[in-house]
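For this one, chain A is given, so just place chain B on it according to the hints.
Protein chains: 2
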Amino acid sequence: MIQVAILGHGVVGSGVAEVLRQNHETITHKAGDSIEIKRILDLRSFPDLPYASLFTTSFDEILNDPDIRIVVETMGGLHPAYDYVKACLLAGKSVVTSNKELVAACGDELLAVAKENNLNFLFEASVGGGIPILRPLDQCLAANEVYEIAGILNGTTNFMLTRMVQDHMDFDTALALAQQFGYAERNPAADIEGHDACRKICILASLAFGKHVYPDQVHTEGITELTPEDVRYADALSCVIKLIGRVRQQGDKIHCLVAPMLIPKTSLLADVNDVFNGIMVRGNAIGDVVFYGRGAGKLPTASAVVADVIDEVKHLNARKYLFWDRGEPDYVLDPKTDAYAYLLRFRTADKQALLNRLHEALGDIAVVSCPGAPEEELAVRTPSVTEEELNRQLATLTDITVVRRLRIAEL
Amino acid sequence: MIQVAILGHGVVGSGVAEVLRQNHETITHKAGDSIEIKRILDLRSFPDLPYASLFTTSFDEILNDPDIRIVVETMGGLHPAYDYVKACLLAGKSVVTSNKELVAACGDELLAVAKENNLNFLFEASVGGGIPILRPLDQCLAANEVYEIAGILNGTTNFMLTRMVQDHMDFDTALALAQQFGYAERNPAADIEGHDACRKICILASLAFGKHVYPDQVHTEGITELTPEDVRYADALSCVIKLIGRVRQQGDKIHCLVAPMLIPKTSLLADVNDVFNGIMVRGNAIGDVVFYGRGAGKLPTASAVVADVIDEVKHLNARKYLFWDRGEPDYVLDPKTDAYAYLLRFRTADKQALLNRLHEALGDIAVVSCPGAPEEELAVRTPSVTEEELNRQLATLTDITVVRRLRIAEL
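Sequence order for the protein chains is A and B. In case it helps, this note's numbering puts the first sequence at residues 864 to 1274. In case it helps, this note's numbering puts the second sequence at residues 864 to 1274.
Just chain A, with the same shape it has in the complex (with noise of 0.2 Å):
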């Protein structure tokens, strides 16, 4: 019998014991051993649940208890939770958990205290919910060269984004539907700034590519701005609009991005709707492979997090090969210099002359046209340009209104 504690019982701690309750025969005869809760760290008590007397507002009492040979840590937030996962590590015991703003701020410290301690610190669980990720790149990456991951990595903006297309919906009405089916938070910053699938990315391009990416190294843009109107366009490109975080590798620096994006409805990505995500990795002999599914909830997450567990199980006296090194300063290029075909839009009362100039500083420009656009905008799909030339050159038109800018991505 292994006996495991776990750190907040909130959504996804109590799914974790929901799972190891619930499914507890497939899990004893997966892991070799039967696994069992012995105590859950949270200030509440829950005096009608089953398991009521494993409860403890002492996380000492887990720490000093020898018995406890893994720890779950789902309490969410960078503080106390790395201080505990620091602490659980040094004192010996493996450790599992969800927490991406940790993994994404933390993970490189807390992976190097777990392999000089020769114990397991893994995370399946931080990004993309229960769809199996970390463990399938890891495999995906044994064989190949991977060079780029591109995903819908935010359930929440997903949503609001599929409603936005498929209802023409705008923002404000997409985001309090979201709320209403609590999906979004009260306060949605996390979700619909960006920062939420920045952490996830980060997780992603550390993991593919052996350097730690701290989120304040990614260029994040949310999906604040976003109207009916960008939907529109989007589908006059025969694209979509999704929330994408990617990173590719450029020799031995990456680049790396959070931003709402057109791509192709012809995409893998594009049919990820709703509260899906959707994860692509490219490989030079895999070519591109999809892992979909829900990207958050209860029972997904907790199940992913089960499956940790029992990995850890199986190598309590071993490690996992799962690891990377610290960051670096320079290690992810300037955004500026990542070049993207850009859908841009202008207010002007001359339209020929525009496209002239347009044509002189960009090349080959082919215009958009939108059903219902006022009379004096004009659209165009650029080539692939970077941002500080296309900045340079959009500098050069002094008299002109840019309405918008959106990155159109071939995914």
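Derived from the structure by calculation, the hints contain no laboratory data. Careful: at least some of the hints might be erroneous.
Intra- or inter-copy, both count: the list cannot distinguish identical chains.
Restricting the straight-line Cα-Cα distance to at most 20 Å, the calculated cross-link-like pairs of lysine to any residue (SDA-like) are [as the list claims (entries may be wrong)]: (1) 1116 with 981; (2) 1214 with 1235; (3) 1161 with 1147; (4) 901 with 866; (5) 1128 with 1025; (6) 1161 with 1238.
Just chain B now, with coordinates in the frame of chain A:
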């Protein structure tokens, strides 16, 4: 340094050699050891290859070489592949194969031989080509009660169906195009009659539910009878037609089937087009997860083989948990007892009379209108009904011609 041998230098075997050489640095890093090809078995010689000196026509030379620890079987077919693989396992060599025919027919026996000899027998590439599916499925299985797997498992037929749906081709034209592109073989029977998909669902079912499913236990229908009319009717029902391999748990037995089915356009599998494969895994905690990518092709398949080789290098003295028991004659339920909704098409002079009789026989049926259908054709969608019940009811309609029946699956 770990030395390996490759049996068969065809499409996949030559791809394995290419991936092992091209990604040598990544692979060495991942495996923790350098992997070198010592011998390649093929009756042909390839004097122009840089590794021409590795070829041999003598299997015994490989079998009796104690330096060769891992053997990769990429010959295909049952014999001599079965004999060679078994001999290698008995001689203390771990084996990787991409041979779905072999695994579907003899996986239980070969897994048992591997277990007895404390060796690994891995075959990730046998299902879904380069898509990591068997290992992620194992992970899904760890924390979930997986109760269903459904997939588009054959790229050739999926390419043909995509052309029939998107370009309104008929079957023969789509087949000719698939042959022209090299997707279908000169003798396309294994693909278009569903045998290839059958082998793959057998492997998935065996792994998911722990007991071997043999191809001759699985009712298998191909796509040879599909017509443009079927495609139009599917569209009228907001569905597409896909060749689906499906297994569902029912008590301690299973339903397992390969057949063309109508699936809703909103299904996660409906957008799996061209030569791509998509596999949906349904678990009690995880919900629906889909794995998507190229189901065949030299390098994708080779990368899956090489990932297995790396795994075996890392586990030379330990066994991976991958096993299932021998099958049983009554383990797969009679397909006639499996319930589906059906699209039925009839020819009749008196539609209203037939409708009344169908209502009586099958309950809540819905008429399906399809533009361009013949005047005297009546099409209906039935409620969920077992095939034996459907047959019994249709047998009462002695004076009516049933033009067509197709299963509708809510995937």
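Practice task
Indicate which option fits the pair residue 1128, residue 1025 if close means a Cα-Cα distance not exceeding 20 Å: within, between, both or neither.
Solution key: both (13 Å within a copy, 16 Å between copies)
Practice task
Check residue 901 against residue 866 for me: Cα-Cα at most 20 Å, and say if that holds within a copy, between copies, both or neither.
Solution key: Answer is within; shortest intra-copy Cα gap is 6 Å, inter-copy 46 Å.
Practice task
Could you place residue 1161 and residue 1238 in one of the four classes (within, between, both, neither) given a Cα distance threshold of 20 Å?
Solution key: neither (49 Å within a copy, 53 Å between copies)
Problem - Up to 20 Å CA-CA - residue 1235 versus residue 1214, copy category - result: Within one copy only: 17 Å inside, 46 Å across.
Practice task
Indicate which option fits the pair residue 1116, residue 981 if close means a Cα-Cα distance not exceeding 20 Å: within, between, both or neither.
Solution key: neither (30 Å within a copy, 42 Å between copies)
Handout entry: Alpha-carbon proximity between residue 1161 and residue 1147, which holds within one copy, between copies, both or neither at 20 Å
Key = between (35 Å within a copy, 12 Å between copies)
In the structure shown, a violation is registered for the earlier hints numbered 1, 6, in ascending order.
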